[in-house]
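Peer 1: Single-letter residue listing:
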Amino acid sequence: MSTPAAALEVVDLRVEIDYGDREDIVDEITFGVAAGEVLGLVGESGSGKTTVGLAVLGHTRRGACIARGEVRIEGRDILMLPPLERQRLRGRLVSYVPQDPASALNPAMRIGTQLDETLSEHGFGSTDQERRGRILEALDEVLLPTEETFLKRYPHQLSGGQQQRVALAMAFANRPRVIVLDEPTTGLDVTTQAHVLETVRDLCEAHGVAAVYVSHDLAVVATLAGRVAVMYGGRLVEVGPTGTLFRQAGHPYTRRLIEAIPELSGVHALVGIPGTAPRPGHRPAGCFFAPRCAYAEEPCSASQPSLESVASEHVVRCFRHAFVLGDAAAARPTAVPRPEIEVEDALVAVRGVCAAYGVRQVLFDVDLTVRPRECLALVGESGSGKTTLARCVGGLHEDFTGTIAYRGRSLASGSRSRDTDTRREIQYVFQSPYNSLNPRKTIGQIIAQPLNLFFGSGSTDSRRRATEALERVQLSSTVLNRYPHQLSGGERQRVAIARALVAEPQLLVCDEVTSALDVSVQAAIVEVLAELQRELHIGLLFVTHNLALIRTIAQEVAVMSEGCIVERGLVDDVLDAPQADYTKRLLSDTPSLEAAIAASS
Amino acid sequence: MSLRHGLTGFIVRRLLLGLVTLWITSVMIFAATQALPGDAARSILGRSATPESLAELRRQLGLDKSVVTQYWEWISGVFTGDLGTSLANSLPVTEVLGERLVYTLFLMFIAGLISVPIGIALGAISARKRDSAFDQTTSVATLGLAALPEFVVGITLAVIFSTTVFHILPSVIVTEPGSRPWEYPKELVLPVITLIIAVVPYTARIMRASTVEILESDFVEMARLKGLAERRVLWRHAVPNALAPTFQVTALNLAYLAGGIVVVEAVFNYPGIGLLLVESVRARDMPTVQAIALLIAALYVILNLLADVATILVSPRLRTSLG
Amino acid sequence: MTDVAVTDAVRIDLAEKQIRPWRLLLSTAWAQHRTKIGIGITLLLVGLAVFGRLVAPYSPDQGVEGQLPFAPPSSDAWLGTDNLGRDVLSRFLHGGLSVLLLSGLSTAFGMSLGVTIGLVAAYSPGRLDDLLMRTMDVFLSLPQIVFALVLAATVGPKLWLLVLAVGFTTMPRAARVTRGAAVEVVQRDFVRAAEAIGVPRRKILLSEVLPNISSPLIVETTLRMSFNVAVVAGLSFLGFGLQPPAADWGLMINENQNGLTLQPWPVLLPVIAIALLTIGTSLIGDGISRAAIGIERGRTGGE
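These protein sequences, in sequence, are chains A, B and C. In terms of my numbering, the first sequence has 422 at position 422, counting the first letter as 1, and numbering is strictly consecutive. The number in my numbering is simply the position in the second sequence, starting from 1, with 1000 added. The number in my numbering is simply the position in the third sequence, starting from 1, with 2000 added.
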């Protein structure tokens, strides 16, 4: 399946847990990458994509070991080499770009020293001057300043984008043949991300480097990679050219994953995948995806399918691939129309709000209106002040001036100074459900807290209300006796929403509620929220950094940048004909799966 | 240079904070010894004391003056080097302390010199060979030894090496006036070993924990993935980042030693300030008790100050943020 | 993004566990040898200290007839006699309760003060937090035993004073640990969530924060207990704890240290007992702390 000129070939790789039953983390991993090519390795959390990425360097995390397989770089199996020799190849023949450069760069060492040791340890250049020359060249390649003063800096003195570029320069410094990039743009804003991606593509092409780009973000992979490998439950389920794979996927999982990705156009409905991915040691007997698969039949749950070639360079691990491929991709459901906004008085009116954290002002004279039954999306990059604004509305940030009125009455700044009804009617849902549910309480106790506070504690009534709220978010009341850690991320976020719902709110402030979740789960959560808005007529303030999400859920949008609202309007108007330069740039830099697929055909 | 300026500023701020701590401690010590309800003079002289002798002692202790005046006289004395007169032998406290202090500092110096490097090395090696037999053994041994009170260790050593089992080392030290601690190398062995056993396990455990954290950090993994030799990963990437916690640990343990010497000196009858404190408490010799307590608190404050400054010096992030 | 949960301390699979956090912590701790050994040793010593007096052959204050001071073990006095010719075994069996009670009381006193201060500090705005913790730092500048000695110098060797002094010096250490653990919990969103709906502060501290720091607090309690046994016994050993003719382990060592060459038992027995008691409690603490770390890692890595 790999081209003859493959710079990297991985054959039948298996990594297992290094204790107990030695369960596999990943297994039967086979793929190849040609020189100059970028392979996108995509999967949701727990799919084993990072494990495969590290195994390409012959490395595993603590507690895991490579049990079987080959990793051939330019024909040589590096797994067969003695450890010392393998170590010498790392950083020279095959290099690595980490997910979070802020923690991957040594805080106690100057940038220049960290770059220099990458060269000197691998015997690059015989003199300091020679190495210095290469370092400046490498910095130039990743568009960093080539000044001596820059080399003298420590990592914490650089911005996030600069740190990632330093990591890139380090990875490319020795002119490796293979490079593994592990979600290198996760922490960056879209504009920086777009620039970093461009740099990666140019460098790989220019120097004929085979790149494995590990990511959970299909849109990013679609814009960058020539071929894509999809992982699920520690297996490759599909490998193929980017265009083919996204237009005509042969594996049901790939199809569902694509349907779960929000698109800027908002033409199609966002559909999540029910159920959760199996973790190592809990995988079913047959096809790992069978329990969640609409195409599954008898044999699927009995035995495991193997990778089969369906077209040139396109392999699929599915018994029913012929049937799946026969299903036209156009069969995707179209989006449910969003409710029209009825012009009404404001539910929440934000007027001239300025807010600060200590001496640092983060909001400048912000005006905003949320109408009853409306969903207003508040869009901005990290640091734009969108969360601070949401917190001001929710009564969680007290240090602001200006007025926030709720149903015409001015709100006190902190939730403690507000009356019980206001506290009940404005509910807040937090970004990370891993953080917002007390791990020491059962779901029942968590949901009972607002019930007792707002409606007193009549036990049968409380139980009925709790069960109703859980049903609203599609959870069964059996979770009431469970603890948060026994639930998946998506289930936890549903519980957090249910906790807000039992208070019978008029406004739900949703602060990046899907950003800690996988895309397949995100789609389901967004669907739940949209339904609440439609059926319970709750107003939503939906804070997000993801422009692609808003067409699915919101009627109006406000775009924030550096503490100011730069553009406001109906979603369709703003997305189709943006006025502010900032919005235009944001739209053009946001990686889009649709655009990438359109470009590839 | 702004860096030096920032650093000086930092040291000055820390120094002031240390002085405030010391000052409050001095008030606390004073309050505990002089201003507590109860008649110190009576409790010193006992029930059979005559009113005259009580009055005389009260005047001698300054108890007839107001509490504030008493404190002022005491603390201004501290600054001029006059710590009062010992009630036990009517000598100036500074004179009594001086000789004893040499003994204690020498004991602490030797014990610290041996135990800090051993503790750090043991902790670092355990972290490096995590989960190995060495690590497991060290873990259990240090856990057990760290729990043992100093007098338990001291007496056990005395039983083994000088009284019951073997008779190779003296268990008490008998000194001549005017002599110096280094004139008694054999007598020093057991007290030093006791202190080492008290401090090493503690140091080793904290050191192991902080080293493990650093070895698990992303930048150490990145250094490995860059293909650096393991030695370079350890010495250039892990160790410099482990220095700051090491300084904190060292200071903590030397301060801990200051508490340990009281009991250890009592066990071996070692004539340092620890034993002097015990004797003075028995004799109700308030001026001496106050002076020793203040001295030990000062030692604690200075050690912490040094550790903080050292931490700043080895942490670029902290250092540059001060500039 | 960790793919698997792996820890060097304890390896557990949480998805399978359907039990309450408390039970999980205790059963994970119990699964380790060191916890079992620690609990075994501690129970043995506590049993000895509490019930030992019931089987003591002699009254602790009376001399054994026909026995001289520092007599070696004989059929009359199985472990010989002490400096005043009293039965060593009987005094040993009577002498543990005081150590146990005094250190237990001072630990309880110091922990409750320290935990309260630490919790309040963690949940208070910067200035009050600073003030509270700086005050705790001042208490730290004197070692426990020195602080107790300073007080003993004024008031004399009183038991209430001993409990007070050891408790007070336990407080700043407990406060530091509590604040350190609570500060992280206070920043988490479930505390924000409770604030947003108006749960009273006291209730937030008690029902949201405290349960989440229970493991470090249990560990700290065992550690403090272990240290306080050492301090209490140490003070007795120096002569500032129980006064003669009381039977007390620390005092026994003090009284009989001079006869070590003639009769090691009256010194050795209490030394061994105190050593076992401190080791036992710290083994329990270590077992629980390992279990807590294991559960935490299993939880964060498991998703």
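In short, the hints are calculated from the structure, not lab data. Don't take every hint at face value.
[As the list claims (entries may be wrong)] Reference listing, derived: stretches of chain C covered by chain A, where coverage requires no fewer than 3 residues with Cβ under 8 Å from a Cβ of chain A: (1) 2036-2049; (2) 2088-2099.
[What the hints assert, rightly or not] Label pairs and their computed distance ranges (CB to CB): (3) H156/A with A1283/B: 45 to 51 Å; (4) T1137/B with Q2243/C: 39 to 45 Å; (5) S1066/B with L2159/C: 29 to 35 Å; (6) A1229/B with D572/A: 46 to 52 Å; (7) R2134/C with E1056/B: 38 to 44 Å; (8) P107/A with K1129/B: 39 to 45 Å.
[To be verified] Some chain A residues near chain B, calculated using beta-carbon distances under 8 Å: (9) R22; (10) L57; (11) H122; (12) T149; (13) K152; (14) Y154; (15) G160; (16) M170.
Ideal placement from N, C-alpha and C gives every residue a C-beta, glycine not left out.
Peer 1: List, from low to high, the hint numbers that the structure doesn't satisfy.
Peer 2: 1, 2, 3, 6, 8, 9, 12, 13, 15
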